[in-house]
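Those sequence lines, one after another, are chains A and B. Numbering follows the numbering used here, in which position 1 of the first sequence is assigned residue number 1; successive positions increment by one, without gaps. Heads up, the numbering used here is the position in the second sequence plus 201, with the first residue counted as 1.
Hints are computed from structural coordinates only; laboratory data are not their basis. All values derive from a computational prediction rather than experimental measurement. Check each hint, because a few of them may be wrong.
[Unchecked claim] DSS-like mimics (lysine-lysine), calculated; alpha carbons at most 27 Å apart, straight line:
hint, chain 1, residue 1, chain 2, residue 2
1, A, Lys64, B, Lys265
2, B, Lys265, B, Lys315
3, B, Lys358, B, Lys401
4, A, Lys64, A, Lys114
5, B, Lys358, A, Lys200
6, A, Lys157, A, Lys114
7, B, Lys401, A, Lys64
2 protein chains.
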Amino acid sequence: MGEASGRLEFWYEFSSTYSYIAAMRIERLAETAGVTIDWKPFLLGPIFASQGWNTSPFNIYPAKGRYMVREMERLAEQHDVPFRMPAVFPQNSLQAARLALVGAEAGWIIPFTKAVYLAAFRDGLDVSNRAVLEDVLRGLNLDPAPLFDRIAGPDIKEQLRDQTDLAQESGIFGAPSFMVGEELFWGNDRLEQALEMARKG
Amino acid sequence: MGEASGRLEFWYEFSSTYSYIAAMRIERLAETAGVTIDWKPFLLGPIFASQGWNTSPFNIYPAKGRYMVREMERLAEQHDVPFRMPAVFPQNSLQAARLALVGAEAGWIIPFTKAVYLAAFRDGLDVSNRAVLEDVLRGLNLDPAPLFDRIAGPDIKEQLRDQTDLAQESGIFGAPSFMVGEELFWGNDRLEQALEMARKG
Chain A
1 MGEASGRLEF WYEFSSTYSY IAAMRIERLA ETAGVTIDWK PFLLGPIFAS
51 QGWNTSPFNI YPAKGRYMVR EMERLAEQHD VPFRMPAVFP QNSLQAARLA
101 LVGAEAGWII PFTKAVYLAA FRDGLDVSNR AVLEDVLRGL NLDPAPLFDR
151 IAGPDIKEQL RDQTDLAQES GIFGAPSFMV GEELFWGNDR LEQALEMARK
201 G
Chain B
202 MGEASGRLEF WYEFSSTYSY IAAMRIERLA ETAGVTIDWK PFLLGPIFAS
252 QGWNTSPFNI YPAKGRYMVR EMERLAEQHD VPFRMPAVFP QNSLQAARLA
302 LVGAEAGWII PFTKAVYLAA FRDGLDVSNR AVLEDVLRGL NLDPAPLFDR
352 IAGPDIKEQL RDQTDLAQES GIFGAPSFMV GEELFWGNDR LEQALEMARK
402 G
């Protein structure tokens, strides 16, 4: 638990099951490795769209989707993280990602991110629903109204577009992804390897 | 290195880079775990075709393809396995897979499989080329002519079709895949986890 010797960017999408598992694991692993994490919410939708997909590949390719659900059950048990598939999948994560960017400025992005993930993948709620996000914010002692006003303005919208463009330019094509400098790692299962590289960094 | 306590099916495609890495690792890991491996060559082409793909997803999705090549370099270093991308990718693996089925009967499927992979991913050769496969066979002190006669007949062709159908029916959508009973694991990076389940029986 020495001083942080390196940095790692954690690129995540609120509708991604594997991103959820990574979000629940990353703080403890990063602390042990002495690595500082930059939390980077982005949208997979535009990246998938540029690949010709109009929904999650887990819906487009049913065998892959069935496997993902089974693997989530195994991962949840392995990492002692609660999991259920929400009725709506994938969920529109636009509002959640915009709020997270406000949280990045204000210092509450990490608890907000985890609370949104738990709402979706522990409680099965639809986090594209404003009322669900309001409850999440209130649970963090934040007043929802001014935050929703804020994300209705142009600056946060543009920030999220820029962040998503940056993801795509960096070669990111799925979530979670981890960047250590220009080195890309894709998938929750690559988290340890990415941290090891950041630590040595 | 005790008696084998369980079995694991190793489903592989000769044109798959990640299958190559798994093939080079699996014997030692299986011996340590005391698990018996059933080597199961199959064709991804028909499975991909049923998903609407006419080539490797690494070609269809260039960001994914670039990432795969970079990850192969990292995996090759990590596991001390030689690697280069062959000029032709993916390679037509039909003849290699049919020969491997003859090898399964005759007891040389494992050295044949590894030799084909090394020809492709160490030496950069095109293993859809009959002369390359003949060299591989001669390297194992096998006479190529009767083996090529054998795979021209209907029984091996049908065996490979059946094996590929069985893969698809088992939920397999990529390679390598590992089956322990009805439990499916996808990807070279799941090999250890699959062996652990097989070991526990």
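(request) Enumerate the violated hints, using their earlier numbering and listing them in ascending order. (result) 3 and 5
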